[in-house]
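Student: Chain by chain, the residues:
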Amino acid sequence: MNEFAYRLEDIRYAYPSPTSSFSLELESLRVGPGEILALVGPNGAGKTTLLMLLAFLARPGRGRLEFRGGDPWANEDSVVRARRAAVLVTHHPYLFKGTVADNLSFGLRLRNIPEAERPERLRSALALVELEGWERKSVSGLSAGQAQRVALARALALRPQVLLLDEPTANIDAGLGLRMEAVLREVSRESGTTVVFSTHNFSQASRLADAILYLSEGRRVEFSHENCFSGTAATDGRQSWIEPRPGVRICFPGETHGHVTCVINPADIRLFAADDTAAPSPGRNVFGGRVTRMETTDAAIALVRASGSLTFRIALPVAELEAKGISLSRDVLLRFEPESVEIVGPRTPGNSHD
Amino acid sequence: MIFRELALAIWVSLKTSGLAALVASALAVPAALFLAGRDFRGKRLVLLINQTWMAAPTVVIGLLFYSLLSRSGPLGGLGLLYTQAAMTVGQIFLILPLIVGFSYTALWQVDKRARLTALTLGASRRQAGWVVLREAKYALLIAVLAGFARAISEVGIAMMLGGNIRNATRNITTSIALETAKGEFRNGVVLGAVLLVITLGINLLVQTGLRGRDKE
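So the sequences go chain by chain: F and G.
Counting with the working numbering, you get residues 1 to 354 for the letters of the first sequence.
Counting with the working numbering, you get residues 1 to 216 for the letters of the second sequence.
Hints are computed from structural coordinates only; laboratory data are not their basis.
Among these hints, one or two may not hold up.
[Said to hold, decoys possible] Straight-line Cα separation of at most 30 Å, DSSO-like style, residue types lysine-lysine; simulated pairs:
id : chain 1 : residue 1 : chain 2 : residue 2
1  : G       : Lys15     : G       : Lys137
2  : G       : Lys137    : F       : Lys97
3  : F       : Lys97     : G       : Lys112
Note that the structure is a prediction, hence the values are computed from the model and not measured.
The task is simple: from the sequences and hints, build the whole structure.
Tutor: Encoded structure:
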């Protein structure tokens with residue numbers, strides 16, 4: 001068995017279009033067999049581009065991409081073999097004209113799966129996405145969420161070694177989204193399937209993934225863009241600030257000019273109950289708000305959303321949360337050091353290369 | 001005009017135009033698939049030339065091939081002038097740009113994700129190409145049938161390259177021209193009706209195809 005499902009070294013990919021200046025550059029990435037990796041970042045971060053590379057639908061212009069110890073791009077046969085092992089479900093999946101069964105059978109036919117085995121594969125894949133008995137339904141007229149589930153079933157029916165998912169729960173409601181997460185976890189655990197998925201949702205990434213790769217503007221960054229703010233920087237020479245909303249300042253050290261985008265690591269934010277005696281006094285990078293969402297991860301980390309003049313995501317140990325008596329709807333204060341603010345780009349994220 | 005002659009004229013029309021549509025489609029659809037699937041330098045020029053070629057009058061194509069196939073022409077030695085083969089070749093060149101143009105539009109309109117989806121589900125490049133063709137099959141059917149209709153209804157090429165030889169190269173349209181020239185308007189109208197019935201048959205085929213697509 002290979003040590004890595006994927007091994008990427010010094011990868012660079014740029015779109016061939018002359019109008020696009022976007023490029024994805026990764027010094028190194030390793031994905032182990034059976035690992036669940038989340039790609040987190042804003043629009044334009046390069047998540048979809050990386051998934052296209054991992055699905056061998058685009059070839060890096062530079063660098064080395066190994067799949068299970070070999071070069072998938074060695075020849076036409078090897079790339080087809082690699083694609084049959086790693087299946088991508090796109091954000092807006094395409095369903096072939098015909099029925100749900102036609103779609104699910106497509107890849108099975110290509111892999112010469114015996115006809116007698118196919119109905120069971122279809123049935124179990126559709127059951128996983130909660131679409132039992134939908135085999136004969138026409139795909140025209142399916143909602144976006146149903147289409148996404150059919151596309152996921154189409155990939156699951158193939159029982160691939162790697163499942164690549166571009167925002168897999170983007171079009172489906174929250175409850176079903178959580179059940180789909182459970183399905184992915186189960187598929188990974190029981191079949192040893194490597195799962196790489198992209199998401200904007202830091203909470204989902206934390207819940208589901210063994211590892212998280214944060215991306216911004218085609219580069220790896222150190223942490224999530226959950227707390228991502230943009231504005232025109234002003235400076236007094238020693239420190240600078242942006243005002244994401246009028247009168248609401250985020251301060252960071254050094255002299256900075258022009259339009260900037262910055263992020264604050266959720267783990268670097270200190271959270272206090274508003275009536276806590278240890279709570280900070282109003283001042284630099286101190287914000288008030290109310291807890292509007294809470295959840296915990298398997299690693300006993302609490303993910304808290306606090307909304308006030310700005311909305312922040314804070315990650316802290318569950319034990320600390322309980323010790324501080326913080327609960328849902330509670331008024332809170334939060335604080336972070338100016339040094340925790342990382343400038344990630346000169347412009348607001350959000351362009352065509354997702 | 002006796003019945004046997006009429007039947008033969010219909011047969012010549014169906015045979016030459018059907019064969020022309022088949023050969024032209026075999027050339028045009030792969031060309032359209034190539035054009036729709038790739039960007040290359042000069043692609044717009046190729047499309048422009050194709051569009052212009054679509055408007056070429058049948059007599060101009062007839063004249064071109066007449067000069068090539070006539071005894072003193074460069075291909076005169078083949079002895080094809082005034083044969084059904086010459087009519088077929090001329091009609092192929094008449095409808096080729098039409099089928100390329102329609103097929104290109106049909107394939108270009110296929111969702112770009114169809115090919116990527118086929119590839120990620122494990123298709124080879126060739127299999128993915130077939131998927132794209134399958135997704136556009138009804139529009140491609142219309143392209144082929146439009147080419148056939150254009151071939152069977154033209155008169156310039158059939159007259160110039162076939163020569164309207166009785167029981168040999170005379171087809172429906174050259175028969176209509178002859179009957180009209182003789183003043184036998186009634187025969188001309190009957191033949192015209194026959195041509196319309198054949199065209200109706202083609203349209204029914206197209207409609208059936210479209211209905212099938214709507215049902216999906």
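Student: Please go over all the hints and tell whether each is borne out by the structure.
Tutor: Okay, the hints, checked on the actual structure:
no., hint, result
1, Lys15/G to Lys137/G, "holds, 24 Å"
2, Lys137/G to Lys97/F, "holds, 11 Å"
3, Lys97/F to Lys112/G, "holds, 14 Å"
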